[in-house]
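Residue 103 in the numbering used here sits at position 103 of the sequence shown; the count goes up by one each step and never skips.
Each hint should be verified, as a subset may be incorrect.
What the hints assert, rightly or not - Computed Cβ-Cβ distance ranges for the label pairs, DEER-style:
#1 ILE132 to GLU28: 30 to 40 Å
#2 ARG237 to GLU123: 14 to 24 Å
#3 LEU242 to ARG27: 39 to 49 Å
#4 ARG39 to ARG237: 41 to 51 Å
#5 ARG134 to SER24: 45 to 55 Å
#6 LYS38 to LEU152: 21 to 31 Å
#7 ALA201 to SER24: 36 to 46 Å
#8 ARG204 to LEU242: 16 to 26 Å
#9 GLN91 to GLY160: 19 to 29 Å
#10 PRO178 to ARG56: 30 to 40 Å
#11 GLY160 to ILE233: 15 to 25 Å
#12 LYS31 to TRP236: 36 to 46 Å
#13 SER40 to ILE233: 33 to 43 Å
Stated by the list, open to error - Taking lysine-lysine and the DSSO-like style, the derived pairs with C-alpha atoms no more than 27 Å apart in a straight line are:
#14 LYS245 to LYS84
#15 LYS38 to LYS245
#16 LYS66 to LYS52
Source of the hints: derived by calculation from the structure; they are not laboratory data. Where is the CB? At the ideal position from N, CA and C, for every residue including glycine.
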Amino acid sequence: MMGLIMRKKSIDLSLVLACYNEASIFRESVKDIVRVLKRSNFSYEIIFVDDKSSDRTGEQIDSYCKTNNHCRALYHTINMGRGKTVSDGIQAAQGKVAGFIDIDCEISPVYIPDIAHRILRNEADVVIGKRIYRSSFSSLLREVLSVGYRRLAHILVHTGNIDTETGYKFFRRKKILPVIALCRQAHWFWDTEIMVYGRRAGLRIKEIPVLFVRRTDKTSSVRVFHDVIDYCINLWRLRRRLQKK
Numbered sequence: 001m002m003g004l005i006m007r008k009k010s011i012d013l014s015l016v017l018a019c020y021n022e023a024s025i026f027r028e029s030v031k032d033i034v035r036v037l038k039r040s041n042f043s044y045e046i047i048f049v050d051d052k053s054s055d056r057t058g059e060q061i062d063s064y065c066k067t068n069n070h071c072r073a074l075y076h077t078i079n080m081g082r083g084k085t086v087s088d089g090i091q092a093a094q095g096k097v098a099g100f101i102d103i104d105c106e107i108s109p110v111y112i113p114d115i116a117h118r119i120l121r122n123e124a125d126v127v128i129g130k131r132i133y134r135s136s137f138s139s140l141l142r143e144v145l146s147v148g149y150r151r152l153a154h155i156l157v158h159t160g161n162i163d164t165e166t167g168y169k170f171f172r173r174k175k176i177l178p179v180i181a182l183c184r185q186a187h188w189f190w191d192t193e194i195m196v197y198g199r200r201a202g203l204r205i206k207e208i209p210v211l212f213v214r215r216t217d218k219t220s221s222v223r224v225f226h227d228v229i230d231y232c233i234n235l236w237r238l239r240r241r242l243q244k245k
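Starting from the given sequences, assemble the full structure and let the hints guide the process.
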């Protein structure tokens with residue numbers, strides 16, 4: 001029990017890894033992430049949140065946590081969506097800084113120490129990775145859609161034209177918890193909500209450029225054109241909700 005108390009007081013960074021059917025990449029990705037964290041000079045914990053995976057992801061998380069004391073895990077009994085998965089992890093965090101990256105590491109974990117230090121040095125309350133895409137036809141489509149969405153989001157809900165949908169966000173934990181309580185979305189649009197409400201709450205937000213490299217060995221859960229329509233509908237609903245306040 002004493003060990004848990006001491007660990008809670010000393011944690012600088014809580015890294016949330018949302019997991020859904022990640023068995024094929026879990027071990028490799030976690031190894032890469034931990035390698036970066038071990039080289040840093042701050043204390044950390046990893047919080048795995050399994051969103052009712054149908055493969056062996058849950059088993060791999062359980063096995064890993066049993067042999068590594070820097071991590072713990074939460075398990076959803078039903079699939080609840082990425083936004084809910086990430087927010088549950090942040091709410092369970094103990095670090096001064098709490099953040100998340102996508103476990104597929106399409107954005108390398110190498111940026112984590114710099115981002116965490118920016119918040120720990122009080123340079124910002126929120127630091128996110130602004131995605132820079134490696135040139136290819138598929139990345140060109142993603143970049144065009146990303147830029148278009150950023151501009152539309154800024155017009156409708158005043159985001160500051162930042163990369164709201166990046167899966168690379170870190171927060172001063174005490175300041176982001178009240179903001180999380182305002183979010184309604186449990187799925188991908190949660191990323192937009194958290195940034196909009198964070199900006200409205202006066203949080204200091206910074207972006208740093210990060211390289212995005214698309215993995216070809218993993219099936220994406222993003223359905224591009226369906227999600228574009230869904231995002232636009234949710235943007236309009238959020239705009240109307242904000243206008244009523």
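Status of each hint after checking the structure:
| no. | hint | verdict |
| --- | --- | --- |
| 1 | ILE132 to GLU28: 30 to 40 Å | 23 Å, violated |
| 2 | ARG237 to GLU123: 14 to 24 Å | 34 Å, violated |
| 3 | LEU242 to ARG27: 39 to 49 Å | 43 Å, holds |
| 4 | ARG39 to ARG237: 41 to 51 Å | 43 Å, holds |
| 5 | ARG134 to SER24: 45 to 55 Å | 22 Å, violated |
| 6 | LYS38 to LEU152: 21 to 31 Å | 41 Å, violated |
| 7 | ALA201 to SER24: 36 to 46 Å | 38 Å, holds |
| 8 | ARG204 to LEU242: 16 to 26 Å | 20 Å, holds |
| 9 | GLN91 to GLY160: 19 to 29 Å | 25 Å, holds |
| 10 | PRO178 to ARG56: 30 to 40 Å | 37 Å, holds |
| 11 | GLY160 to ILE233: 15 to 25 Å | 22 Å, holds |
| 12 | LYS31 to TRP236: 36 to 46 Å | 42 Å, holds |
| 13 | SER40 to ILE233: 33 to 43 Å | 40 Å, holds |
| 14 | LYS245 to LYS84 | 24 Å, holds |
| 15 | LYS38 to LYS245 | 45 Å, violated |
| 16 | LYS66 to LYS52 | 19 Å, holds |
Checked against the numbered hints above, the structure breaks hints 1, 2, 5, 6 and 15 and satisfies the rest.
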